[in-house]
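S.K.: Line by line, the protein sequences give chains A and B.
Quick note: the first sequence uses our numbering, first residue 1, plus one each step.
Quick note: the second sequence uses our numbering, first residue 1001, plus one each step.
Keep in mind that a hint or two might mislead.
[As the list claims (entries may be wrong)] List time: in silico DSBU-like cross-link candidates among lysine-lysine, alpha-carbon distance up to 35 Å: (1) Lys-90/A <-> Lys-1600/B; (2) Lys-144/A <-> Lys-1566/B; (3) Lys-1149/B <-> Lys-144/A; (4) Lys-144/A <-> Lys-1277/B; (5) Lys-1566/B <-> Lys-86/A; (6) Lys-1187/B <-> Lys-1216/B; (7) Lys-1216/B <-> Lys-10/A; (8) Lys-90/A <-> Lys-1236/B; (9) Lys-1194/B <-> Lys-1566/B; (10) Lys-113/A <-> Lys-1561/B; (11) Lys-1321/B <-> Lys-90/A.
Hints are computed from structural coordinates only; laboratory data are not their basis.
Remember, predicted model here, so these are calculated numbers, not experimental data.
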Amino acid sequence: MSLQFKVNGKTVSSNSEADTPLLWVIRDELGLTGTKFGCGAALCGACTVHVNGEAVRSCQTQVGNVAGSSVSTVESLGSGSHALQKAWVKHQVPQCGYCQSGQLMSAAALLSKNKNPSDADIDAAMAGNVCRCGTYTRIRAAVKDAASMMRAA
Amino acid sequence: MMSTETNRRDFLKTTSIATSGLMMGVVLPGTVAETMAAGTLHTPNAWVHIADDNSITLISARSEMGQGVYTSMPMLIAEELNVDVTKVTVSAAPPGAVYANAFLGAMITGGSTSVREGWEKLRIAGAQVREMLIAGAAAEWGVPASAVKAANGMLTGPGGKKATYGQMAEAASKQPVPEKPSIKAPKDFRVVGKRIPRLDVPAKVNGTAEFGIDVKLPGMVYASLEQCPVIGGKVKSVDSAAAKAMPGVVDVVQIPDGVAVVANTYWGAVKARRALKIQWDNGDGANLSTASMLDGHVKAASSGKVLPIQPPKGDAMGAIKGAAKMVSASYVTPLQSHSPLEPMNFTAHVTGGKALLIGPTQFQQGAQGATAAALGMKPEDVDVRTTYLGGGFGRRIELDFVVQAAQISKAVKLPVKLVWSREDDMTHDFYRPMGLNQLSAGLDASGKPVGLSFKVTSQSITQRAFGLPKDTMDPFMVEAAVAPYNIANTQHDLVIHDAGLRVGYWRAVSHNMNVFANESFVDEMALAAGKDPVEYRMSLLEGKPRFQNVLKLATQKAGYKKGAAKGNAMGVAIMEGYDTYVAVVAEVNVGADGEVKVVKTTVAADMGMIVNPEIVEQQIQSSIIMGMGQTLKHAITVKNGVVEQTNFNTYAMVRTNESPLVDIVLVKSGEKPGGIGEPVTAAIIPALANAVAKLTGKRVRTLPITGKAIQQA
């Protein structure tokens, strides 16, 4: 069985069973390892990707349900030129870095809908993303900075 | 000391192919500790590789787990090598005695030691290479070494002579290693002390940073391991027929720690694992519960062998008995799970009598040695390559998951990536041990303490992990046990008690329980004395200028005298750990849900000379969050031998909406560097406990300080 969907703009096909979490298809079958496995239960956000522009937890999204959909992973942000990536570097956000792909994708989903997020908006959009290293203060500053860079662009 | 010229040449100059891949580690006679004692190093090759194309690779012997060593370690080398640290490549060192941590006796990343241990060693290594490059260029050019300069990766000589380091690497490798290279005085530092952006950040914002879980070898299969729900239990019988019949399953193999399902995909392995039918022999652990463990501690505290932490001063018991007022309290610090966000994993390929291990480890030599022992190999036949670590916090000093991966690979004769689930990770940790701290003090009529007794009862990690003999002092149980306060009569004792669950080093280790107890208790003494907790501390810190200073700085910055905002309260704590002095002020309130909200924290740290202030601030911020988690939110509990928490719903992490402002004051200092990866994780505990006590009038002495715990206090 093969099902098709788009990842980062390219059509891909997966031979995984339909109940396979999208996370493992992205990582192991498609070889895009930027998306991380943290909890397998939608409790930490490390696996956050976008499906048709919405942030979802790919560990709890069956690949069968994204057939025909458009999926974006952290790799879609590019190698470092996205405003969020620039802000993440400027504010020196990552420590171990493991959660950051998910943080960036949650932030990207927020900024695609809200060009000027308040602290409460950031809390609402980012509270599902755990950072065990505790980089939250810097993430908050970086999200605001990225938003202002994007408004100015 | 290096013996032959051939060796020297092999070391310093490598081909660009070699430097782009794995480093060839060379183990030389003599331990790092010995060479450090001699004031010189003879192994510049182990730290610096210069290729023909002038690409420079600096080796980090410490694992990058978030604490910034892939930036701070190269900064120390680059300071003396005179290269632009932002243009070098950083590579993880292979296991080797030359890379041993002199503070810990083996190649271990932990104990906030990386900068402290590398501070001189790495600068000497950089200086040796610089002097060899200069000597090599001088020989090539036929000029005195004094006429050659090495700066910004270039060698320059008289008459406009110029060469890159790469062009002179060959010539440099023929030079003897200088015995006593000159290293800069701190006032001349150009790299150390600067906010150099972390070298690992670009790869961590675009998904390319390779963690253990991202490793892929040709022909690799995936393993998921079912371990006994009761740690230490064994497989009685296993029916793997159904699992073996599942699609993509390669094999089901039994190893000492459990039953591994190996499949072509990770998800295939996970699904097939659910079809395993295993009968377990739970063993002795099945009767264990949190209550029985604490009960064991309480009993041991009164009847166990007492080990003096330091010689008693005066007669503490007599002074307490004869005092005008007595204060006593017991504090309980619970079990904790490390829960780094990257679950335990390792990739192994055991073939042809050799093992290749790739993954996240804090203990390369241990990974090598334990695997060799488990597989009946020689250590030199076990190659260990370190990836980025998705958090460590002490969990990745352990070797269980490394050995498991190797055993599974050996059994299926294929490269295997073993990946634990979050549930595996949380229920099969080496837990931060439970601690019971019992303190008593006698106060004179003015409220001044005249006698203090301190007894901590806990479990020894070092006995389990490193074979420390029974009933001997474990330094990792008594950190910060002796508070800085001047008290005439004191007695500090340790009782070691094995509570029955396996334990491991957890960020800040025993500082957590000891500082929680000591700094809560000084507030309790101040309350009994009717004194302000900050003034009370100050009155007992005569002759302790570094403590006084951080306390003064933190309280000033926090506006302690002005007081907390309406509805809030401030709590204070101080400590010394890892040669670093910190003071923390926490401002809290209690939310409508009854839970503690941390509004703001202020940290003053005197950690001597600082390599990279940006990374220092990151570590302080990180410690506040992790410390808040252990203080307010989570603990591990055990029932019928099984850990009850399985994921982040029952072991709740601090999240962004709970994250407070963190205000930081770093003391300018010429003292030797202290560690900063851990101390604030401990210091924040009593700062919060004291703030809660001030706000609510209720003293919670058993962590975590949840809304319910406050109600019941």
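S.K.: Taking each numbered hint in turn, which are not upheld by the structure, reported in ascending numerical order?
M.R.: Of the numbered hints, 3, 4, 5, 6, 8, 9, 10 and 11 do not hold.
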